[in-house]
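Protein chains: 4
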Amino acid sequence: MLSFATDYLEGAHPKVLEKLVETNMVQEPGYGTDSFSQQAADKIRETINCPQAQIKFLVGGTQTNQVVIDAVLKKYEGVIAPDTGHIATHEAGAIEFTGHKVLTIENNDGKISGKQVDTFINDFYKDPNEQHMVHPGMVYISQPTEYGTLYTYDELKSLSESCRKHNIPLFIDGARLGYGLMSDKSDLTMADIAELCDVFYIGGTKIGALCGEAVVFTKNNEPKHFTTLIKQHGALLAKGRLTGIQFLTLFTDDLYLKISKHAIDMAKRIKDGFLKKGYNPYMDSHTNQQFFIVDHETIAKLKEKVDFAVWEKYDDTHMIVRFVTCWATKEESVDAVLNLI
Amino acid sequence: MLSFATDYLEGAHPKVLEKLVETNMVQEPGYGTDSFSQQAADKIRETINCPQAQIKFLVGGTQTNQVVIDAVLKKYEGVIAPDTGHIATHEAGAIEFTGHKVLTIENNDGKISGKQVDTFINDFYKDPNEQHMVHPGMVYISQPTEYGTLYTYDELKSLSESCRKHNIPLFIDGARLGYGLMSDKSDLTMADIAELCDVFYIGGTKIGALCGEAVVFTKNNEPKHFTTLIKQHGALLAKGRLTGIQFLTLFTDDLYLKISKHAIDMAKRIKDGFLKKGYNPYMDSHTNQQFFIVDHETIAKLKEKVDFAVWEKYDDTHMIVRFVTCWATKEESVDAVLNLI
Amino acid sequence: MLSFATDYLEGAHPKVLEKLVETNMVQEPGYGTDSFSQQAADKIRETINCPQAQIKFLVGGTQTNQVVIDAVLKKYEGVIAPDTGHIATHEAGAIEFTGHKVLTIENNDGKISGKQVDTFINDFYKDPNEQHMVHPGMVYISQPTEYGTLYTYDELKSLSESCRKHNIPLFIDGARLGYGLMSDKSDLTMADIAELCDVFYIGGTKIGALCGEAVVFTKNNEPKHFTTLIKQHGALLAKGRLTGIQFLTLFTDDLYLKISKHAIDMAKRIKDGFLKKGYNPYMDSHTNQQFFIVDHETIAKLKEKVDFAVWEKYDDTHMIVRFVTCWATKEESVDAVLNLI
Amino acid sequence: MLSFATDYLEGAHPKVLEKLVETNMVQEPGYGTDSFSQQAADKIRETINCPQAQIKFLVGGTQTNQVVIDAVLKKYEGVIAPDTGHIATHEAGAIEFTGHKVLTIENNDGKISGKQVDTFINDFYKDPNEQHMVHPGMVYISQPTEYGTLYTYDELKSLSESCRKHNIPLFIDGARLGYGLMSDKSDLTMADIAELCDVFYIGGTKIGALCGEAVVFTKNNEPKHFTTLIKQHGALLAKGRLTGIQFLTLFTDDLYLKISKHAIDMAKRIKDGFLKKGYNPYMDSHTNQQFFIVDHETIAKLKEKVDFAVWEKYDDTHMIVRFVTCWATKEESVDAVLNLI
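Protein sequence lines, in the order shown, are assigned to chains E, C, W and A. With the working numbering as the guide, the letters of the first sequence map in order to residues 120 to 460. With the working numbering as the guide, the letters of the second sequence map in order to residues 120 to 460. With the working numbering as the guide, the letters of the third sequence map in order to residues 120 to 460. With the working numbering as the guide, the letters of the fourth sequence map in order to residues 120 to 460.
I should point out that these hints are in silico values taken from the structure, not numbers from a laboratory. Quantities reported herein were computed from a predicted structural model and do not represent experimental measurements. Be aware that a few hints might be false.
Said to hold, decoys possible - Below, a sample of chain E positions facing chain A; criterion: calculated Cβ distance under 8 Å: (1) K194; (2) Y195; (3) H251; (4) N340; (5) H344; (6) T346; (7) L348; (8) Q351.
As the list claims (entries may be wrong) - Here are the simulated lysine to aspartate or glutamate pairs, EDC-like style, with alpha carbons at most 20 Å apart: (9) K134(A) to E137(W); (10) K245(A) to D434(C); (11) K245(C) to D435(A); (12) K276(E) to D311(E); (13) K343(A) to D246(E).
Claimed, not checked - Simulated restraints on C-beta separations: (14) K420(A) to N340(W): 41 to 47 Å; (15) K420(E) to Q171(C): 52 to 58 Å; (16) M402(W) to D391(E): 53 to 59 Å.
Note that CB positions come from ideal geometry on N, CA and C, so glycine has one too.
Sequences and hints are given; from them, build the entire structure.
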């Protein structure tokens, strides 16, 4: 059966596997000191136009959020996040597990604004109970968000300015970063991201890799003894080459962005097809997640041949459904779906 | 340059890569629910002759120790381990990070005995300060140990009996399990291991995989909501297929044991060669780690062409060196070393 | 200067001090095993009509919340609380510090309902992402709430039923329990509280003691090795007699309720006085915290002679102010305030 | 029955209770901001001749060790301690609970030396696995030790120098500090202690107070937002006056040292009595804990009228017993014991 359920259904981009095969018997030291990881980091520094960037490769998204946030926060601090943020909802309490509170701010389409952050922090410091409260120590956002929406350059700049004003770092979860950058609606480059935030990660798991996320500290601000902290969290890969080789491949000849673009093209093909057939979108999404309002009968019929997420109830006869594309989505699979509706 | 520095210098066994390539575009659900992980678990259950075994795949050794120990221990409990145990020395405090103390017992060649465990626990319950102390909640050992030594069947049975007498689980760290099982001196099968302990892991990272360890709960004792606990620790792989496919391959046609045997053969070839040339072994090791007493000049000469670990000082003119083999070690590499000494 | 700023401004009720003086040189064993603590527990069991109650004395409120919640929750669980709950706002992340998330529900005058809890838990178990989320493991409420409001018998019964339906414990923070029980609007006895919840604490710090809270497990459900868990949290008092003697005194001849009643009487005197002088209440509070809407000039004049909390802005010319009474509040102090407005 | 079982059997020194009674109805703000706590801190600063000292009052010893160590250590660090240190043995894993490992060094009569610390840290930084190990971040000792032994000025100076050489703080657990300072064998003043260490605490619970320990940061090195960290650990007393008043009394007119001296005098009286009657001491203790070798019959006879600790077996017919004195020990009680042997 076809599936548009999520963006981690296939293995890796064929070039990634080729490189793994090609380099397989080369002997390399462990724990991220291999030459591939070094080369991958160089490629990323170049791509993001940030020569001083400090880069480490981790395995998965929740792990990355947990390690970065715990390593950066002081013991009396928590992390500000939208109430829809992945760390606030679907990471099984991985942040609290490390002793830190997630301080949520009400989202607007999955996003929060620089003004909201500024107000939150000002309110904190004006509160007479300040000493009895978790101090805001960091801001976490996702680009694209968990709803597939995007921060614009100006929105991100405003967030960045609020963080700098209050002297706390801005962290961007880029699990689907490529799909955000390649959206028609994006006015941000990876270099802009690097400049405006203090630490971000470039998601590999959902964009061409078997596993792997590249953590980038952009302001010469990698936490002291970061490798030891990674180890302490159980997150240090012995064969660091595995993530190094994958990111080296993805950041050679713009592969990361090219395959991200493909996912966006496929998402648009789905969107156009649904619209043409008279279905209404639930949100005007421009990334690789598309949401439509579909009646029960059509859903039942589709479900016989295609897997996808039924998001939530829209009204008594309709549900919101989600179709997700990725680097591996085939045009004929999209067309097969469109022929069914 | 040749390297015998450790056993995670190469990628994966070629058959593992072949299978990753072959299955690459198959769409599979995430988080360990893919069909490959299910098949791999079936193969392992068969190999260890334990139909009720509950199996999950994690990424690395420290991560596995951390997740298993934290998930199994109650909040007032610590884990008993040899003072040379990996969790007690080289995991950057990953166990303490989860709130649990490592209760160390003096090792004998990297091992502890059932009698030591029995005495430790009896002493604990006789102590008038019991309520003010960390309760022993689990026993951790490694097979082979961090020194490359092996528990015999009788030694393991005695440990198992002590644990059952006191109603606490026995956990075996099998990061190099295959290299232990294939040693001439091993009188244990994987089925024996499964029977005598309550939970163990089969190391993949050091034996043929890019990454991955298979955690096996043998007594229908997987902790409740274990997947959520794995997620909470940041250890849940989105593309569970990555570890599933690798273990499926390693446990098809006895590949895991065959390639482990190769490492042992290569270790013996090194050992015999050193002995023939008049070098003394530091310990009588029968696994894939070999320790010799070598003079400074020879070390200096060797180091020009071969990488290996200089373990510690032996006397004023000699050091102890360690050579490690693995599934990927080539006979000609061994011979090249032997020609240099 | 007079102060109505909070309810922990004075020392202890004179009878408590007398008893401390009287028993001072009696030798007693430590850590809560002293005879006074045993007698105090007996008195409390009798008062709450719960012979099987298991009772321990801790020092302060945040400590008690932290120890009880961490001891009761399983590792994959969080605690449901109103978003205005003390643990969610003013305990500096003490719950998260132990690895657990506070799962907030929107409050209504500081309260949440059984129906809200039921919906929250039902939604959790219907969520396809359940495995990736913090499991609800307990419900926390305060009686009276942080806003001085009260749960009625029916409201508490409904919460209790929701908890039992979902098989999770109900925990009541009774930092100001006496002030709630003695309110005119209370239709609950301490025995009702004991019956409807699974664990609660009787606040001493704010009601007559120098320090101390009595934790009561009402369903034979004290966590295993609870004393060791208390010690692990750094919360085990060496001279347990200190809290034992205080609670013994407070629970002899109904002292706890009598002095709570006094605080309520004084709160009513304040309320009536403000109303008579034409000030509007901000909430219709019936406990020891009274909130009024007062103009800036009056606030400025009052502040010269009386300390009290300026809660928040009401409109451009008025603020909400809070006056708190306690067991020690003197009638003449109340009258002195009333003469100033 | 008489008891010499430990030094927290009675309440508080009468002057402490008097002051609590005298100040009882004075209204004071909470959380350590009361005037008594400020005055007590001033008195202590004067006594230890350290005008820049930053002082906070906590409730108990384990709590103090936990809060101070967790607040001072960085996340990748552990605390060095003698293997007999209280934090390593009888605090139920309170340090590990906060995520930090206790790095033990072999004790000599309960003590460790500056040289041992220096070697431990040098070895750590020479270890090629350094990145995979818990970094030494602090040294913890007790004065007097858990065995009642004492560091001399020179020994403490050597420890201090090792710590400064490696740029880590020295923390002294002074649960029984007064009993150490008043020993004949002590060549240290409280000012020496303050100068040589970076943080220490002055124990009140065992010396005249109902509860309370004074934490002193001597080098202008109180951790940032220390009050918030105390709150986060559940250790912030609402009525800070309770510890403030007690320490104010204990540090007025040298009461703390005078009553400590009394305990030492009583310990000497016991020691002389036992020696005169022909019993052998187990250690040559000069503090308030005295250890003797006593035959079974005498122990049985004594136990009918006196409580004391039977420490451990000495030989087939003798046990080691421990008698502890304190500020409250009466001369007639000592004589009653001596008449029984």
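For each hint, the structure was consulted:
This hint holds: K194(E) has a C-beta 6 Å from the nearest C-beta of chain A, less than the 8 Å allowed. Taking 8 Å as the C-beta contact cut-off toward chain A, the hint placing Y195(E) at the interface holds, the least distance being around 5 Å. For H251(E), the interface hint holds, the least distance from its beta-carbon to any beta-carbon of chain A being 6 Å, beneath 8 Å. A hinted interface residue such as N340(E) counts as satisfied when its beta carbon comes closer than 8 Å to some beta carbon of chain A; here the least separation is about 16 Å, so the hint is violated.
The interface hint given for H344(E) holds, since its Cβ lies 5 Å from the closest Cβ of chain A, which is under the 8 Å cut-off. Annotation: interface hint on T346(E) holds; nearest CB of chain A at approximately 5 Å, less than 8 Å. Interface hint at L348(E): satisfied, since its Cβ lies 5 Å from the closest Cβ of chain A, which is below the 8 Å cut-off. Evaluation of the Q351(E) hint against chain A yields a held restraint, the C-beta minimum of about 6 Å falling below 8 Å.
The straight-line distance between the Cα atoms of K134(A) and E137(W) is roughly 14 Å, inside the 20 Å bound, and the hint therefore holds. In summary, the hint linking K245(A) to D434(C) is supported, as the alpha carbons are separated by about 18 Å, within the 20 Å threshold. Between K245(C) and D435(A) the CA atoms are separated by roughly 19 Å; this keeps the pair inside 20 Å, and the hint holds. Only pairs whose Cα atoms come within 20 Å are accepted, and K276(E) paired with D311(E) is accepted, the gap being roughly 9 Å.
For the proposed pair K343(A) and D246(E), the alpha carbon gap of about 18 Å is at most 20 Å, so the pair holds. A hinted range of 41 to 47 Å holds for the C-beta pair K420(A) and N340(W), which are about 44 Å apart. Between K420(E) and Q171(C), the C-beta spacing of about 41 Å breaks the proposed range 52 to 58 Å. Hint check: M402(W) to D391(E), Cβ distance near 55 Å, so the stated range 53 to 59 Å holds.
Violated hints, listed in ascending order, are 4 and 15; each of the other numbered hints is respected by the structure.
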